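With the hints as your guide, set chain B onto chain A.
Here the protein sequences come in this chain order: A and B.
The numbers in our numbering rise by one with no breaks, and the one at position 145 of the first sequence is 145.
The numbers in our numbering rise by one with no breaks, and the one at position 210 of the second sequence is 210.
Note that these hints are calculated values from the structure, not bench results.
Keep in mind that a hint or two might mislead.
Claimed, not checked - Not the full set, but computed from the structure, chain B residues with beta-carbon under 8 Å of chain A:
id, residue
1, Asn27
2, Ser30
3, Ala41
4, Tyr43
5, Ala118
6, Leu196
7, Leu224
8, Pro225
9, Leu309
10, Cys348
Unchecked claim - Per the computed footprint, the stretches of chain B lying under chain A, defined by three or more beta-carbons under 8 Å from a beta-carbon of chain A, are:
id, region
11, 158 to 171
12, 182 to 195
13, 198 to 209
14, 212 to 220
15, 339 to 347
Given the structure is predicted, the values throughout are model-derived calculations rather than measurements.
Even for Gly, the Cβ is constructed at its ideal location relative to N, Cα and C.
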Amino acid sequence: MTEPIPTPVKPPFWNDPQVRAIVFQAIALVATVAFGLYIFDNTQANLRRLGIASGFGFLSSPSGFDIIQSLIPYSATSSYGRVFWVALLNTLLVSALGVVLATLLGFVIGVARLSRNWLISRLALAYIETFRNIPLLLQIFFWYFAVLRAMPAPRQSLSLGETVFLNIRGLYLPAPEIQTGFGWVLAAFGIAAVLTTLLARWARRRQRATGQQFPILSVALALLLGLPLLTFWLAGSPLAWQVPELQGFNFRGGWVIIPEMASLLLALTIYTATFIAEIVRAGIQAVSHGQTEASLSLGLTSSLTLRLIILPQALRVIIPPLTNQYLNLTKNSSLAAAIGYPDLVSAFAGTVLNQTGQAIECIAITMAVYLTISLLISLMMNWYNRRVALVER
Amino acid sequence: MAESRVPHSNLPPPASTVGVVGWLRRNLFSSPLNVILTLLAVYLLFVALPPLLRWAFLDASWDGDNRDACRPGGACWVFIRVHFDQFMYGFYPDGQRWRVNAAVLLLILGAAPLFVRAVSSKFKIRLGLGLLIAYPLIAFILLKGGMTGLPVVDTSQWGGLLLTLVIAGVGMTAALPLGVLLALGRRSRLPAIQTLCVTFIELWRGVPLITVLFMSSVMLPLFLPAGMNFDKLLRALIGVTLFQAAYMAEVVRGGLQAIPKGQFEAAAALGLGYWKTMGLIVLPQALKLVIPGIVNTFIALFKDTSLVLIIGLFDLMNIVHNATTNPAWLGFSTEGYIFAAVVYWLFCFGMSRYSQNLEKHLHTGHKR
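Only chain A is shown next, with the shape it has when bound in the complex:
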């Protein structure tokens, strides 16, 4: 006998997954919108009560304060909008320098960590474990208050060959001064760059066709360095060095790196390099040893093995977390606010906000800038990552 198949009973509507899904989402949306409206309402009421006019009109009124470091012309009569650009450029400057220096130091330490030399790898490990576990802010404070602010006054500056000076006002470096004829050197460099590109293309094509290799690296270096140097010499060395000189109580001339920037840069570099070193180590270790052995048994030299086999594969592992570190460094540069380096948070979200009281606008602009930088860097790195990613069949 066959039993009749029971017709499935439809569950009550509150147990129906589809109904539930819609209800949950509706609740979440309504709650979010209600929360947003509540905050908006409160803010409106508070602004009216405090008599703050919202809007971005304040950006064109004069700021009335000085900024200790500015890449573009700025004075106390400049507008708040100008302050924004000065502050943004300062943030970008310290981030860009930090990224370059931290990458260099991080790669060196990461490779040292893998060295077969016991002492070197232990020293690298000690460096990583020490600086990784100390808050960045503490490191910035240490370099700023305990080291750079404890430097002697300008008259008793520490000096290096009477050209580089270090004192409580900062690090003074000789500045290059461009004289007539320097344009030729730049032009020569441009020509060398174009020639190198063409040469590289030709060399690659010839290698594909005939298998003959061309020493492209040394020739390119010779071109890129030799041609401008030759022009430099022919044009009569059109570059002078302006050495900082002690006049009265301070140094004049040359480049000065203010202590705020120096300590921020130092701390950012040392701190981020520890993370980059670990990333580099993991990336190199991710390439299996068989790859090296296979490459050597094919007759490639060890430098070619490193360049053609190990590095491309290691970079694939290294790039994504490295991007994250670059982003972290950029965001961490906002700690500048604690020592008064005029970056976006310190000068714009700090001083301008305090002067104008336009809290919402200032914080919104600042956050928008950081969000944009984050998105841009991650877009760029995603693009690069797609290019080097493993294409599996």
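Here is chain B on its own, set in the frame of chain A:
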């Protein structure tokens, strides 16, 4: 008859490949480059270490109660000794500091069984959950006072390591569950929930913590109805927690993505609903996979507590900084910062070592 051959007895390895000499040759002097590097490193250590040790230990001053007790040329640890209580408790009233000690002792005693291997895991889970719910309440009553006849100590008087630990502790216990929920939301099939979670996570991850703290101190008063105000500490706690929850969510998402689809399907075939699937099948596996990431986030959170200095809370970092600017003790900032660095270092390094230990213990053979 064939000549019989007797194999020579095994020779000992060459003297240059074993023992101290062998180790040195292998690890320090294996190639010309390594010889140079080794000599360079030894020279650097020789130049840097002795003066450092002399400054920090041999020439240092340890005893005394004012700055005259400090000899020039060496570290002045008297500065730390004099300020030690302040560094630990902040401005917590002198007579009430036993309450802080009691709270810490209670936590250590309560949590100790969790770290003993012999205790059954069922008991550990019960104890852990109990602690999670009861301890914050007890600690709050003990530290803040007011109810049980203890005098009230306002949160503005909390400081030093106590405040750092409070922020880190609350941040960690709140950020982990919040991060798990956000990660589940991000992986959810409901488009509205997913969009909300993605927006939340990316927004917080895209901005520096310092702007979040700024926001919580200047914008929160605008967001709330007139007259209603939050404690400064609570504002910092909210900022730090939400910020780290976004990072935690991404870590947990990594773990969720690593769980094969078969696990979800098997759970569904067994008739488990969403929460049971997640709670019993997926999350235990996913969280175990990402222990290193979770601890990394915890360590980052611990280090980030130092940022509350920006909004004027006196955590360990700020109280040390404050002491170094005291006119009676000018010139000892190096000692102060080194002390703070050692304290932070001990906590962070301890956490990372514990996570490595835990990972080894929980590792059930799935690792490739």
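Going through the hints against the structure:
1. Asn27: holds, 4 Å
2. Ser30: holds, 6 Å
3. Ala41: holds, 5 Å
4. Tyr43: Violated, because the Cβ-Cβ distance from Tyr43 of chain B to chain A comes to roughly 11 Å (cut-off 8 Å).
5. Ala118: With Cβ-Cβ at 31 Å, over 8 Å, it is violated.
6. Leu196: It holds, given that the least Cβ distance between Leu196 of chain B and chain A is near 6 Å, below 8 Å.
7. Leu224: holds, 6 Å
8. Pro225: For Pro225 of chain B, the interface hint holds, since the closest Cβ of chain A sits about 5 Å away, which is under 8 Å.
9. Leu309: Status holds, d = 7 Å.
10. Cys348: holds, 4 Å
11. 158 to 171: violated (count 0)
12. 182 to 195: Check passed, 5 qualifying residues.
13. 198 to 209: holds (count 6)
14. 212 to 220: With 4 residues close enough to chain A, the hint holds.
15. 339 to 347: holds (count 4)
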